[in-house]
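Enquirer: Residue numbers (the numbering used here), protein chains in the order written: chain A, 545 to 675; chain B, 545 to 675; chain C, 545 to 675; chain D, 545 to 675.
Calculated directly from the structure, the hints in this document are not laboratory data.
Even glycine gets a Cβ: it sits at the ideal position worked out from N, Cα and C.
Mixed in with the good hints, there may be bad ones.
Cross-link-like lysine to aspartate or glutamate pairs, in silico, DMTMM-like; alpha carbons within 25 Å at most [as the list claims (entries may be wrong)]: (1) K662(D) x D575(D); (2) K622(D) x D550(D); (3) K662(A) x D575(A); (4) K622(B) x D608(C); (5) K662(D) x D647(C); (6) K662(B) x D575(A).
Restraint-style ranges between C-beta atoms, simulated for each label pair [to be verified]: (7) Q560(A) x G563(D): 33 to 39 Å; (8) D613(B) x Q619(C): 47 to 53 Å; (9) G577(B) x A582(D): 55 to 61 Å; (10) N579(B) x E564(C): 50 to 56 Å; (11) D613(B) x N579(A): 20 to 26 Å; (12) Q649(C) x V650(B): 28 to 34 Å; (13) R552(B) x E564(A): 52 to 58 Å; (14) D613(B) x S660(D): 32 to 38 Å; (15) Q619(D) x Q649(C): 53 to 59 Å; (16) D647(B) x E564(C): 47 to 53 Å; (17) K645(B) x E564(A): 58 to 64 Å; (18) R646(A) x P620(C): 36 to 42 Å; (19) N579(B) x D647(A): 55 to 61 Å; (20) G563(B) x G621(A): 29 to 35 Å.
There are 4 protein chains.
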Amino acid sequence: MVTLADARRVIAAAEQKAGEIGQPMNIAVADAGGNLVAHVRMDGAWMGSVDISIKKAWTSRAFDIATKDLAPLSQPGKDFFGIHASNDGRVMIFAGGIPLKRDGQVVGAIGVSGGSGKQDHEVAEAGAKAF
Amino acid sequence: MVTLADARRVIAAAEQKAGEIGQPMNIAVADAGGNLVAHVRMDGAWMGSVDISIKKAWTSRAFDIATKDLAPLSQPGKDFFGIHASNDGRVMIFAGGIPLKRDGQVVGAIGVSGGSGKQDHEVAEAGAKAF
Amino acid sequence: MVTLADARRVIAAAEQKAGEIGQPMNIAVADAGGNLVAHVRMDGAWMGSVDISIKKAWTSRAFDIATKDLAPLSQPGKDFFGIHASNDGRVMIFAGGIPLKRDGQVVGAIGVSGGSGKQDHEVAEAGAKAF
Amino acid sequence: MVTLADARRVIAAAEQKAGEIGQPMNIAVADAGGNLVAHVRMDGAWMGSVDISIKKAWTSRAFDIATKDLAPLSQPGKDFFGIHASNDGRVMIFAGGIPLKRDGQVVGAIGVSGGSGKQDHEVAEAGAKAF
Chain A
545 MVTLADARRV IAAAEQKAGE IGQPMNIAVA DAGGNLVAHV RMDGAWMGSV DISIKKAWTS
605 RAFDIATKDL APLSQPGKDF FGIHASNDGR VMIFAGGIPL KRDGQVVGAI GVSGGSGKQD
665 HEVAEAGAKA F
Chain B
545 MVTLADARRV IAAAEQKAGE IGQPMNIAVA DAGGNLVAHV RMDGAWMGSV DISIKKAWTS
605 RAFDIATKDL APLSQPGKDF FGIHASNDGR VMIFAGGIPL KRDGQVVGAI GVSGGSGKQD
665 HEVAEAGAKA F
Chain C
545 MVTLADARRV IAAAEQKAGE IGQPMNIAVA DAGGNLVAHV RMDGAWMGSV DISIKKAWTS
605 RAFDIATKDL APLSQPGKDF FGIHASNDGR VMIFAGGIPL KRDGQVVGAI GVSGGSGKQD
665 HEVAEAGAKA F
Chain D
545 MVTLADARRV IAAAEQKAGE IGQPMNIAVA DAGGNLVAHV RMDGAWMGSV DISIKKAWTS
605 RAFDIATKDL APLSQPGKDF FGIHASNDGR VMIFAGGIPL KRDGQVVGAI GVSGGSGKQD
665 HEVAEAGAKA F
């Protein structure tokens, strides 16, 4: 279970990290079913990243993987090239999504979008640690 | 014709192979029209693979080809690059779909998703053999 | 104007060429607005090519270009990479679509799908010549 | 705020530039929310570029970036490869979209489609300068 209280704690930690980096972010938390629990768009964060943050969270839960690690598998010539065309456009194959685990089990995910791939992943990691 | 009994036999064989490999899978069987006859998500299989397994089966029937063999044709620079944008996102261009044949004629397909490309194809092959 | 009689003549010529090649094809003819005038699926042609043939015709009219010539412009690193994501998935960036011209003006298009890129283009060309 | 008068002024400047280049264009102007304020299709401009011009404007506002600069980041192997699958197909990753700024703040965008990437960007730039 990912409660709203959990999601708020995760988002607060991610938000703080984004503040330290100085890059406003969209931050989304999904539950075990991949459904959104909470989302924030920090002031000044990209409008186009609302959707991406939510879908990165969905993707991380849908395949129990950090989207950073899905990226290399989804390049031309690789095993999963073309996966982004599945699931009606919900699959994000670039960094910023991380599964949320409890007792080694994936029970949700965080998705972050608003900066470079490295920044997005870093902020997501800060959020995931607070879970 | 692919009957429900056929589909269940195909799925059971695929499921057994997936068990041997130790990788839970989504397994889908489609009829000659590409429509789903039956699908199972083995416990622990990726949520995002539900859609992919169904669409791999559709793709294999739609082009009478194993998706493994469609993959190299669909890479950048190749004859079919861009085919994944057709058919409203139903075309899966990576391994795991195999046509089901009767008397040399394609009458349906199996689609598998849940592991590496090699694993998906192997499980699909086990299913197809049971047809 | 592309009349139904025009479309039938174009399709008949394309169909004959496909017969000579020995590869069953989907053949579609669109008018100046990109809307379908007529389509045939030859017996044994791929089910997944119905949509592709129609969209190749649309694409050829939408950009007044043979899709064969759109392909190199739409590869990674090229000017139009990403164009296949536009127009709600109607843009086909591989061979088989050719504009139909009258007095040097594009007034419609033919789209063919069912074989290799070379075959599709060849069949489309036979159809276009009959216009 | 991007008023209709603003949009008309931007479009007129872009249209003039397109005329000088001798390439008919689709030109779209979006507001701070990414919503269309005005669009023109110059006589003879590609039908398929209507949608692309509107989405280039949306993309430029959605990520506060010229689509020309989004292109290199969105190639295979790069940070944002796969971004074109997000936002329901509204993300255009090739040249022709430019943010419109007031006092250093992005308040809208222009999107142009109808020629080569270089031409589209050049025409968009002419429009943006008139803002």
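Enquirer: Determine for every hint whether it applies to the structure shown.
Expert: Hint check:
1. With a C-alpha separation of about 24 Å, the suggested pairing of K662(D) with D575(D) holds against the 25 Å cut-off.
2. For the proposed pair K622(D) and D550(D), the alpha carbon gap of about 36 Å is over 25 Å, so the pair is violated.
3. Of the supplied pair hints, the one linking K662(A) and D575(A) holds, its CA atoms being roughly 24 Å apart against a limit of 25 Å.
4. As the CA atoms of K622(B) and D608(C) are separated by approximately 22 Å, the hinted pair is consistent with the 25 Å bound.
5. With a CA separation close to 30 Å, the supplied pair K662(D) and D647(C) exceeds the 25 Å bound.
6. For the hint linking K662(B) to D575(A), the alpha-carbon distance of about 30 Å lies beyond 25 Å, and the restraint is violated.
7. Take Q560(A) and G563(D): their Cβ atoms lie about 52 Å apart, and the range 33 to 39 Å is violated.
8. Under the hint 47 to 53 Å, the C-beta atoms of D613(B) and Q619(C), about 22 Å apart, miss the expected range.
9. The given range of 55 to 61 Å is broken by G577(B) and A582(D), whose C-beta atoms sit roughly 45 Å from each other.
10. Distance hint for N579(B) and E564(C): a CB-CB separation of about 34 Å, inconsistent with the stated range 50 to 56 Å.
11. Separated by about 36 Å at the C-beta atoms, D613(B) and N579(A) break the suggested range of 20 to 26 Å.
12. At roughly 42 Å, the beta carbons of Q649(C) and V650(B) sit outside the given window of 28 to 34 Å.
13. Between R552(B) and E564(A) the CB atoms are about 55 Å apart, so this pair conforms to the stated range of 52 to 58 Å.
14. About 36 Å separates the C-beta atoms of D613(B) and S660(D), a value consistent with the hinted range of 32 to 38 Å.
15. Between Q619(D) and Q649(C) the beta carbons are some 36 Å apart, a value that contradicts the proposed interval 53 to 59 Å.
16. Range check, D647(B) to E564(C): Cβ separation about 28 Å, and the 47 to 53 Å hint is violated.
17. Separated by about 59 Å at the C-beta atoms, K645(B) and E564(A) satisfy the suggested range of 58 to 64 Å.
18. Against the hinted window of 36 to 42 Å, the Cβ-Cβ separation of R646(A) and P620(C) comes to about 40 Å, which satisfies the hint.
19. Separation of N579(B) from D647(A) is about 40 Å and departs from the stated range, judged on CB atoms against 55 to 61 Å.
20. The beta-carbon spacing between G563(B) and G621(A), approximately 30 Å, falls within the hinted interval of 29 to 35 Å.
The structure fails hints 2, 5, 6, 7, 8, 9, 10, 11, 12, 15, 16, 19 (numbered hints given earlier, in ascending order).
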